[in-house]
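Protein sequence lines, in the order shown, are assigned to chains A and B. In terms of our numbering, the first sequence has 214 at position 214, counting the first letter as 1, and numbering is strictly consecutive. In terms of our numbering, the second sequence has 222 at position 222, counting the first letter as 1, and numbering is strictly consecutive.
Don't read these hints as lab results, they were simulated from the structure. One should not assume that every hint holds.
Stated by the list, open to error - Label pairs and their calculated CB-CB ranges:
(1) Pro175(B) <-> Lys110(A): 56 to 62 Å
(2) Leu54(A) <-> Cys266(B): 27 to 33 Å
(3) Asn303(A) <-> Gly162(B): 27 to 33 Å
(4) Lys94(B) <-> Lys289(A): 57 to 63 Å
(5) Asn303(A) <-> Gln120(B): 39 to 45 Å
(6) Ala275(A) <-> Ser328(B): 34 to 40 Å
(7) Lys110(B) <-> Pro295(A): 41 to 47 Å
(8) Lys94(B) <-> Lys110(A): 48 to 54 Å
(9) Asn97(B) <-> Pro265(A): 36 to 42 Å
(10) Lys110(A) <-> Cys266(B): 30 to 36 Å
(11) Cys266(A) <-> Glu269(B): 32 to 38 Å
Yeah, the Cβ is synthetic: ideal placement off N, Cα and C, and Gly gets one too.
2 protein chains.
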Amino acid sequence: LVFSMASASTPVGPPPECHPIHKVVVVGGTHGNEYTGVWCIKALMKRADEVAKLWPSLDIETLLSNPEAHKANRRFIDTDLNREFSEKRLVEEKGMNSTVESQRAQELDKLLGPKFGVEQPQTDVIVDLHTTTTNMGISLIVPEGDIEMIQAAAYSAFKCGGEEGEARVLVHSIPRNHRPGLSSVARHGISIEVGPVPQGVLRHDIVEKTDRALNFFLEYLELRNKDKAAVDNILESYYPEKKVPVYRSAKARAPGEMSGKIQWPCDPENPIFPAVIVHKSIQDRDFHKIKKGDPLFVDLDGNVIPYSGSHGDEVYLIFVNEGGYYYSSSGTGIGVAVKAQVSLNSGMTVE
Amino acid sequence: LVFSMASASTPVGPPPECHPIHKVVVVGGTHGNEYTGVWCIKALMKRADEVAKLWPSLDIETLLSNPEAHKANRRFIDTDLNREFSEKRLVEEKGMNSTVESQRAQELDKLLGPKFGVEQPQTDVIVDLHTTTTNMGISLIVPEGDIEMIQAAAYSAFKCGGEEGEARVLVHSIPRNHRPGLSSVARHGISIEVGPVPQGVLRHDIVEKTDRALNFFLEYLELRNKDKAAVDNILESYYPEKKVPVYRSAKARAPGEMSGKIQWPCDPENPIFPAVIVHKSIQDRDFHKIKKGDPLFVDLDGNVIPYSGSHGDEVYLIFVNEGGYYYSSSGTGIGVAVKAQVSLNSGMTVE
Chain A
1 LVFSMASAST
11 PVGPPPECHP
21 IHKVVVVGGT
31 HGNEYTGVWC
41 IKALMKRADE
51 VAKLWPSLDI
61 ETLLSNPEAH
71 KANRRFIDTD
81 LNREFSEKRL
91 VEEKGMNSTV
101 ESQRAQELDK
111 LLGPKFGVEQ
121 PQTDVIVDLH
131 TTTTNMGISL
141 IVPEGDIEMI
151 QAAAYSAFKC
161 GGEEGEARVL
171 VHSIPRNHRP
181 GLSSVARHGI
191 SIEVGPVPQG
201 VLRHDIVEKT
211 DRALNFFLEY
221 LELRNKDKAA
231 VDNILESYYP
241 EKKVPVYRSA
251 KARAPGEMSG
261 KIQWPCDPEN
271 PIFPAVIVHK
281 SIQDRDFHKI
291 KKGDPLFVDL
301 DGNVIPYSGS
311 HGDEVYLIFV
321 NEGGYYYSSS
331 GTGIGVAVKA
341 QVSLNSGMTV
351 E
Chain B
1 LVFSMASAST
11 PVGPPPECHP
21 IHKVVVVGGT
31 HGNEYTGVWC
41 IKALMKRADE
51 VAKLWPSLDI
61 ETLLSNPEAH
71 KANRRFIDTD
81 LNREFSEKRL
91 VEEKGMNSTV
101 ESQRAQELDK
111 LLGPKFGVEQ
121 PQTDVIVDLH
131 TTTTNMGISL
141 IVPEGDIEMI
151 QAAAYSAFKC
161 GGEEGEARVL
171 VHSIPRNHRP
181 GLSSVARHGI
191 SIEVGPVPQG
201 VLRHDIVEKT
211 DRALNFFLEY
221 LELRNKDKAA
231 VDNILESYYP
241 EKKVPVYRSA
251 KARAPGEMSG
261 KIQWPCDPEN
271 PIFPAVIVHK
281 SIQDRDFHKI
291 KKGDPLFVDL
301 DGNVIPYSGS
311 HGDEVYLIFV
321 NEGGYYYSSS
331 GTGIGVAVKA
341 QVSLNSGMTV
351 E
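Input sequences plus hints: build the corresponding full structure.
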């Protein structure tokens, strides 16, 4: 399942100030009904020779991460694979749980990691390709403080046209050891999330956007390996104030609320069927501002449920009506974000 | 699972020239991951008292047709329920096949039919609510020659704004005994198919469109039961030439091709994963004309595959990139149609 494109290539020695980034694994199908990533890795394999010439310092492999769920056209068979890479699931419960996905997570950790242990993971970067049913455009999701990923995402987002081109950087601040996602298995990880596209469907335009974001991301890594000073100059020309505009989770203000998410109630008879619908005034309006009192949901009687201000009086909605979030194991609800800026030098949020 | 809203209501005696239409069953969830219909029947149940007053001549029931597939958020568990109502499946193979859906089909035939047998089916009309991932707007799908359904669909399509309001009548000419769909179990059947909406997702706008089409359809039946001559006058004011514009399947011209569908090849390793993508120039362009030589698909190498003229030099594409049609058991491919007209008097296609 792992296909190496340039295993014989010699990595270019990095300048002393930066660690080498050599082995990159591009992953599709972590959620089995997100077809775009699977198409993109198949297409990448087909142009392996071209890829090896284009980015000679990188050893790029591809991987179909959840083949069983993919063949069944389901997000997952038993449990969400992208929640299986916590210390609890990988180490403490090792051998105790036997879902399709917990077993696959053990395999992937051996193949790409290990995430927890004395030795360093075998993989420098995991690029995990995802799709969303929401109008999120190209979202490059990276960890706060991971300077390599922040810079690579900032480069790719700019080359994709930035916010006007519907390309944005999203940061989260969960430390690597606490992140349960597949991309946390490598030294560095990024998720590229593109939409809107239905689950179990391939759209040509969404495939092209995913390819574009991925190609610029890999181009950055190649340029960085060759000449870090030169690529720093490029980034500074894109972001003259050395700050990258990003979105990050909004903290919950109301007690009992989850940070970063406005949860919706579910049908008492069917836990994956919502009891309310996202109101049409916010459908497809990801990254738009919503104020306390604005329409948020509508119920079976047609009653409109307004935004309560739970995450602040004015917030930005993201992942508005994401099909994957109909599963409580994936976290039901609408994402809530605030605008922020991240320093190009530290990778940390600045005011 | 069948909820009756007006079982005690007295049907208005029909004028002598037309049969009464009394018992109407509105069905959702025939495909378990099409959520809109399920929402609409739940909402309809909640306003049962209002509905009984609004349309007193109708005895309206609602039904969740494939509860197991719905709870699993899958099109079907074993086989497509909407292909189970053929004589072969219902009668010849009775007791011999034991898929979840073949058993459910037997139950539904008992509850709503029987479709085959000496006695008349218990249900006058089945309205089966479907969704599509494609940009089909509101499609009212009715059998050629079923004058009651043609007229009701023509009324609803006009009230929804006609082609400008993205509401269209689609006719097929398969005789009732040969149709495998659930709506063929009753004396009359219609499918209301609305999109675009991803599978397993509820969209407020799509729910509203479905409700609107359903309400106008039921309004027509009520008006018809009360005063057929008056409703004939209304229809003639909508369609002064007594002809309803419709779309119908295009016949295959090339040998070995399927009528009404341009099939796509699938991945050799995964029969539900296409080997080509619908080209971006036709994505979301349902009911647009395509000419021989126009781009149709794109493959993994990026090669564009043009339309071969297999169904005529100029045809209209419908169900362009429908997620349900990724399943070979549901018929992989893109729909192909031609424009036609149906007589308001005979329900038959006229030149």
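Verification of the supplied hints:
no.	hint	result
1	Pro175(B) <-> Lys110(A): 56 to 62 Å	59 Å, holds
2	Leu54(A) <-> Cys266(B): 27 to 33 Å	30 Å, holds
3	Asn303(A) <-> Gly162(B): 27 to 33 Å	31 Å, holds
4	Lys94(B) <-> Lys289(A): 57 to 63 Å	59 Å, holds
5	Asn303(A) <-> Gln120(B): 39 to 45 Å	41 Å, holds
6	Ala275(A) <-> Ser328(B): 34 to 40 Å	35 Å, holds
7	Lys110(B) <-> Pro295(A): 41 to 47 Å	44 Å, holds
8	Lys94(B) <-> Lys110(A): 48 to 54 Å	50 Å, holds
9	Asn97(B) <-> Pro265(A): 36 to 42 Å	39 Å, holds
10	Lys110(A) <-> Cys266(B): 30 to 36 Å	32 Å, holds
11	Cys266(A) <-> Glu269(B): 32 to 38 Å	35 Å, holds
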